[in-house]
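2 protein chains.
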Amino acid sequence: MSLIIHPLPGIPEVRRGDDLAALLLAALARARLVVTAGDVLVVTHKIVSKAEGAVVQLGGDEEQAYRALVLDEAVEVIRRRGDLVIAKTRHGFICANAGVDRSNAAQGTAVLLPRDPDSSAHGIRMAIKASSGVDIAVIISDTFGRPWRRGLTDIAIGLSGMAALLDLKGTVDASGRELHVTEVAVADEIAAAADLVMGKAAAVPAALVRGLEVPAGDGRATDLVRSPEEDLFR
Amino acid sequence: MSLIIHPLPGIPEVRRGDDLAALLLAALARARLVVTAGDVLVVTHKIVSKAEGAVVQLGGDEEQAYRALVLDEAVEVIRRRGDLVIAKTRHGFICANAGVDRSNAAQGTAVLLPRDPDSSAHGIRMAIKASSGVDIAVIISDTFGRPWRRGLTDIAIGLSGMAALLDLKGTVDASGRELHVTEVAVADEIAAAADLVMGKAAAVPAALVRGLEVPAGDGRATDLVRSPEEDLFR
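Residue numbers (our numbering), protein chains in the order written: chain B, 1 to 234; chain H, 1 to 234.
Keep in mind the hints are simulated off the structure, nothing from the lab.
There could be a bad hint or two in this list.
Treat identical chains as interchangeable: a pair holds within one or across any two.
What the hints assert, rightly or not - 25 Å max Cα-Cα, derived DMTMM-like pairs, lysine to aspartate or glutamate: (1) 169 x 63; (2) 88 x 231; (3) 129 x 223; (4) 169 x 62; (5) 169 x 83; (6) 169 x 13; (7) 88 x 230; (8) 88 x 183; (9) 169 x 223; (10) 88 x 223; (11) 129 x 116; (12) 88 x 229; (13) 169 x 231; (14) 129 x 19.
This structure is a prediction, so every number in the text was calculated from the model and none was measured.
Only chain B is shown next, with the shape it has when bound in the complex (with noise of 0.2 Å):
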């Protein structure tokens, strides 16, 4: 089956105490987009964490500011090299300045990472279930680096309704052999499908993404979180 995904433009700029799976709704509603089980809805962290208040007004120094910020923001911090900080945030998520983020935030202020984002997603998903019946899956995401390759790509950091990697344990390939992959990152990769038709300058923070067989399961982000003794790079 093939894959559809539907960016969700038109969404108006989100303030503290908005009612984010109102907008969501009309915005999938001016789409003409009725949700289908199975059917996954992506939303930018950015406009969650606007919803919930996530927002921090940069006094005196800005860039003073915003580097203590980020200090206040992480557990833990991994790597510096000038005013670069990739830091561990308190949910163990591993990324640049612990995801406080000035892009697409008033001026003077910088935007937070949702505090749960996987109850986020699931208040949408909730909110979304109660006015349509249907009970969908909803990712929350945020745009990441990777060590080793250059650029961004967007990943899950909330999740709700499914599984966030898919287990192959135990399929076999087609000539017979037990698959070595046994788990992919589902949840990272409908995100980053979903950051195709969003684009960072657009203003289309939402994509429903339509076709898929969503791993069942009742996951979380952290799922996809490799703890510290797994992982050969900290």
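Place chain H on chain B using the hints.
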């Protein structure tokens, strides 16, 4: 515009010397897809390597022969734990087992990465252009792990007819602030998106991605490799 990803199933087991472009054109015809400017054809490296004969017989003790082959393909071992070797390939990619893979390979054999995946992509692109008159983009994909995050995702190891990265330098966000995120790894996001319709066990080794604003340029997959000087994680 919505993005559509069409799986291209039904490609037979590929053997050394097979005309891969012809097999892909036949798969497109079976799927009733007429290629259009702006399309991106994603092909898993496995069938490229097989067509190019980048397959090695593992004689004697198969495990031992495999481990020797991995070290042979590596130009630098980055990390090692037990049987797991994270190595740099001659292309500059850093991945498990230097890209040597035994899944979806005939019993007693291992598949290497193509010698020059950009050139492989270019060859497929030119053959499709010769046959259809349409100049599409081609990406060769492989499945890589990542530091810090569990699960594997597909990335681009070869490409032709597009830029690997989308440079947003100079673009401004909705509030007029210049974007900090300046380079999106679009080719990697396309490879990840295509993997969603391929499946590891399902023998769908190619997909057509349609509806994308493909970044123009004469890119190559090594554009996605971060230089050691820029890299904090070697």
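Results of checking the hints against the structure:
no., hint, result
1, 169 x 63, "between (48 Å within a copy, 20 Å between copies)"
2, 88 x 231, "both (13 Å within a copy, 18 Å between copies)"
3, 129 x 223, "within (24 Å within a copy, 43 Å between copies)"
4, 169 x 62, "between (50 Å within a copy, 22 Å between copies)"
5, 169 x 83, "between (42 Å within a copy, 19 Å between copies)"
6, 169 x 13, "between (44 Å within a copy, 23 Å between copies)"
7, 88 x 230, "both (16 Å within a copy, 20 Å between copies)"
8, 88 x 183, "both (23 Å within a copy, 22 Å between copies)"
9, 169 x 223, "within (16 Å within a copy, 34 Å between copies)"
10, 88 x 223, "within (15 Å within a copy, 27 Å between copies)"
11, 129 x 116, "within (20 Å within a copy, 49 Å between copies)"
12, 88 x 229, "both (15 Å within a copy, 23 Å between copies)"
13, 169 x 231, "within (20 Å within a copy, 33 Å between copies)"
14, 129 x 19, "within (15 Å within a copy, 49 Å between copies)"
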